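Given next are the chains, with one letter for each unit.
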Amino acid sequence: MSDETKRGESTVKSYIAVWAALLVLTAVTVTTASLDLGKIAIIVVLAIAAVKSTLVVLYFMHLRHEKRIVIKILIPIAIALLAIFIGLTYSDIMNR
Amino acid sequence: MSIERETPGTGREAVHEGGGHETVGNGEHVGGSESGRFRGSESGKLGMWLFISTEILLFGGLFLLYAMYRLKNPADFHAASLDLSRFAGTLNTCVLITSSLTVVLAVFSLQRDRAKDAVRYLAVSIALGFVFLVVKGFEWAAKFEHGLNPNASFLATQPKGVMLYFGLYFTMTGLHAVHVIVGMTILGIFLVRIRRGTITARNPTLLENAGLYWHLVDVIWIFLFPLFYLIS
Numbered sequence: 042m043s044d045e046t047k048r049g050e051s052t053v054k055s056y057i058a059v060w061a062a063l064l065v066l067t068a069v070t071v072t073t074a075s076l077d078l079g080k081i082a083i084i085v086v087l088a089i090a091a092v093k094s095t096l097v098v099l100y101f102m103h104l105r106h107e108k109r110i111v112i113k114i115l116i117p118i119a120i121a122l123l124a125i126f127i128g129l130t131y132s133d134i135m136n137r
Numbered sequence: 188m189s190i191e192r193e194t195p196g197t198g199r200e201a202v203h204e205g206g207g208h209e210t211v212g213n214g215e216h217v218g219g220s221e222s223g224r225f226r227g228s229e230s231g232k233l234g235m236w237l238f239i240s241t242e243i244l245l246f247g248g249l250f251l252l253y254a255m256y257r258l259k260n261p262a263d264f265h266a267a268s269l270d271l272s273r274f275a276g277t278l279n280t281c282v283l284i285t286s287s288l289t290v291v292l293a294v295f296s297l298q299r300d301r302a303k304d305a306v307r308y309l310a311v312s313i314a315l316g317f318v319f320l321v322v323k324g325f326e327w328a329a330k331f332e333h334g335l336n337p338n339a340s341f342l343a344t345q346p347k348g349v350m351l352y353f354g355l356y357f358t359m360t361g362l363h364a365v366h367v368i369v370g371m372t373i374l375g376i377f378l379v380r381i382r383r384g385t386i387t388a389r390n391p392t393l394l395e396n397a398g399l400y401w402h403l404v405d406v407i408w409i410f411l412f413p414l415f416y417l418i419s
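Sequence lines, in order, name chains A and B. If you're matching positions, the first sequence starts at 42 in the numbering used here and goes up one per residue. If you're matching positions, the second sequence starts at 188 in the numbering used here and goes up one per residue.
Calculated from the structure, these hints are not laboratory results. Keep in mind that the hints are not guaranteed to be accurate.
What the hints assert, rightly or not - When the alpha-carbon atoms are kept at most 27 Å apart in a straight line, the in silico DSSO-like pairs for lysine-lysine are as follows: (1) 80(A) with 347(B); (2) 54(A) with 108(A); (3) 259(B) with 347(B); (4) 323(B) with 347(B); (5) 330(B) with 259(B); (6) 330(B) with 303(B); (7) 303(B) with 54(A); (8) 113(A) with 54(A); (9) 80(A) with 259(B).
As the structure is a prediction and not an experimental result, all values here were calculated from the model.
Whenever a hint applies, use it, and build me the whole structure from the sequences.
Shown next, in the form of structure tokens:
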């Protein structure tokens, strides 16, 4: 969010498009959950959730237009930390 | 919270404005380089993102707990999630997503000096937050009726995994609901401040940060929804 021109790129139209995409993805995730996909189901719904939250972060939270590297890397760092926590705990629990 | 701490920054922005900055409060770098000092609204935004990353880790800890207990008790988790209303969960997802849209439109309007539109969008957002809480309230009430609330004697007779599931369900959706209430409060305060003219297109960062917080609440729900409602 550095200047007005950059701001202008995220127009109302793109906001509404993202909103519509989020609603469609919600419908998709509910539909896939009612199909009997077995073990893949959790991967599918989490993948859709990841796509949805990426849309929110990039467009609604404007990370897409964020120039400052300090802010850009904060969220990936938090997610990486979380992945390490979950990965290590998982391997601990599975190999006990 | 970092949102409030930012207020002194708005004073400095006025100085910037005299210096010919076109978009005051939009976080220009002093000196224009990445290594330049953060000032005013700039540091407020950085603080907000830092806060958001700590929130990710706060909920992350709970998601970790959920993942490991589910790994240990997959059948119980699946059985327990049947008790949740998929319809209510889907409805609430749509409500929160829509409220995120109205918040981003409120920020957009304020930045373009359309305070009236901003106030209107904020009012809709707060109303949607309220709808979310009402639906949540009905869901919780139904759980209490069925004796699935924490410390209920019926729940104590259930398998371990079911107890864990509902413990996590109440903790995580409860913590999320607290965030919704906090978000609504902040949006409400800023709505009043926009009407009074103390938040304007010149210092939109306060509202931008409130928006970031609201979207975070949305993102957390985007993960809570499939994990609790869609696993049966």
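We went through each hint and held it up to the structure:
About 22 Å separates the Cα atoms of residue 80(A) and residue 347(B), which keeps this hinted pair within 27 Å; it holds. About 22 Å separates the Cα atoms of residue 54(A) and residue 108(A), which keeps this hinted pair within 27 Å; it holds. Taking the CA atoms of residue 259(B) and residue 347(B), the gap is near 10 Å; set against the 27 Å cutoff, the hint holds. For the given pair, residue 323(B) sits about 25 Å from residue 347(B) by alpha-carbon distance, which is consistent with the 27 Å threshold.
Taken as a hint, the residue 330(B) and residue 259(B) pair is honoured in the structure, with Cα atoms around 24 Å apart against an allowance of 27 Å. At roughly 41 Å between alpha-carbon atoms, residue 330(B) and residue 303(B) are farther apart than 27 Å, so this suggested pair is violated. Between the alpha carbons of residue 303(B) and residue 54(A) the distance comes to roughly 20 Å, so the proposed pair stays at or under 27 Å and holds. A hinted pair counts as satisfied when its Cα atoms are at most 27 Å apart, and residue 113(A) with residue 54(A) qualifies at roughly 24 Å.
For the hint linking residue 80(A) to residue 259(B), the alpha-carbon distance of about 15 Å falls within 27 Å, and the restraint holds.
Going through the hint list in order, the structure does not satisfy hint 6, though it satisfies all others.
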